[in-house]
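**Q** Top to bottom, those sequences are chains A and B. For the first sequence, our numbering assigns the number 1 to the initial residue and increments by one for each residue that follows. For the second sequence, our numbering assigns the number 1001 to the initial residue and increments by one for each residue that follows.
It is worth saying that the hints were derived from the structure and are not from the lab. Only a predicted model underlies this, so the values are computations on that prediction, with no experimental measurement involved. Here a beta-carbon is modelled for each residue, glycine too, at the ideal position from N, C-alpha and C. Watch out, some of these pointers could steer you wrong.
Stated by the list, open to error - Subject to a maximum C-alpha distance of 20 Å in a straight line, what follows is the list of computed PhoX-like cross-link-like pairs (lysine-lysine):
#1 Lys-24/A <-> Lys-1068/B
#2 Lys-1068/B <-> Lys-44/A
#3 Lys-13/A <-> Lys-24/A
#4 Lys-6/A <-> Lys-24/A
As the list claims (entries may be wrong) - Distance ranges between label pairs, derived from CB positions:
#5 Glu-1072/B <-> Ile-5/A: 47 to 55 Å
#6 His-1050/B <-> Met-61/A: 24 to 32 Å
#7 Ala-1049/B <-> Gln-201/A: 53 to 61 Å
#8 Glu-108/A <-> Tyr-1107/B: 57 to 65 Å
#9 Gln-1057/B <-> Met-61/A: 14 to 22 Å
#10 Glu-1078/B <-> Val-84/A: 36 to 44 Å
#11 Phe-1108/B <-> Ile-58/A: 22 to 30 Å
#12 Tyr-67/A <-> Gln-1025/B: 22 to 30 Å
#13 Ile-128/A <-> Phe-1108/B: 50 to 58 Å
#14 Ile-159/A <-> Glu-1078/B: 26 to 34 Å
#15 Leu-54/A <-> Asn-1085/B: 21 to 29 Å
#16 Phe-1108/B <-> Ile-159/A: 38 to 46 Å
#17 His-1050/B <-> Asn-146/A: 23 to 31 Å
#18 His-3/A <-> Pro-1080/B: 18 to 26 Å
As the list claims (entries may be wrong) - Among the chain A residues that face chain B by a calculated CB cut under 8 Å, a handful are:
#19 Asp-2
#20 Gln-23
#21 Glu-28
#22 Gln-32
#23 Thr-33
#24 Leu-34
#25 Met-37
#26 Thr-52
#27 Ile-60
#28 Ser-110
#29 Trp-113
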Amino acid sequence: MDHLIKRFPHYSKLLRLYPVAYQKEYGEQMLQTLADMLDDPHEKPAAVWARTILDYPISIMYQQLSYTEANMQHNPQYIKRTAVLGAWLVAPFFLFVVVNGTNNHWLEHSMLWHTNFLLTWLVLLPSIAVILNLAALLRWVRQQRNTAHASAWKALTDIRRTWPLIAIALIGLGILAVIFGHDSVHCVTGNPIRELRNAHQTWQCVQRG
Amino acid sequence: MSIDDISVFDIIEIMTKRNNSLLPQVTFSILFALSLKPRHGYELMQQVAHDSNGKVQLGPGALYGTIKLLREDNLIEEMPFESDNERRRYYRLTRKGLNRLNAELEYFENTVRLAQERRLLGSNMGDIIWTT
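This is chain A alone, in the form it adopts within the complex (with noise of 0.2 Å):
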């Protein structure tokens, strides 16, 4: 193995983005046919790695997803079925801040923008999603700790297994704080194509407030 390492250095490094379980199955074969297509003197080396090069990213996509996919499976369902309610919970916000954008800001002369509603899906609804889904997170911590004897810290980091959870509640946590932070949701929800074109513009705004 420590050969092929040696031989191929760059390859070696670009295999580590493999899933882990998948590099140590793998990995010392993916190099040792790398040597074999080279060795070949049929084959024009310029054209093996064309192609090892080409198969590179499409592979490590497909590996990624198909390991995350695994490890969802495995994840109990109070997971799952949490950061999908959180999910719809921030979706009214992203769905209406690009209606009002694209429909030359038809939300706000229309009863979505008085104020209740408009606490409604800017405030209380990714609220909703934070705590719902910080406290799955919390359980999951709980459970981990209990059951499986691992440290706060361990479980909490367990990403394969938490991030459907930590994505939501980082997206609800990122509206609040646009909405909070800074009285700036107006440099936001105005019209958001123009805006993320002139990004420069648009947090200019937002550092305003």
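Chain A is fixed; fit chain B onto it per the hints.
**A** Then chain B, alone, in the frame of chain A:
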């Protein structure tokens, strides 16, 4: 089970589940290449390229990704093999893999027969009169 019990993750799972009705090209090519004898990775690549007249050229990622799927489905297995290089691992068809390959070949045989009957193969293509 009610509709409420189905989450988005279940739907994704169903959508991404491998379709067992027909094998993808690379999967079929690897099973076909293993039908002659057990092979290691590079031998498989060469045989697949040979069988497909050079049309299917695999890289290491595609090859071992497919080998992983085939092993998970128990269609091929790793086998002990006396070799000059112990890093090379050899794979062979399982009984299930052989049955799967036979089923696939039967399908292709039937398709080729139908194509011949319909004069769709090779130079006969010129005989087709297109109608609107």
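**Q** Provide an ascending list of the numbers of those earlier hints which the structure does not satisfy.
**A** 2, 5, 17, 19, 20, 28, 29
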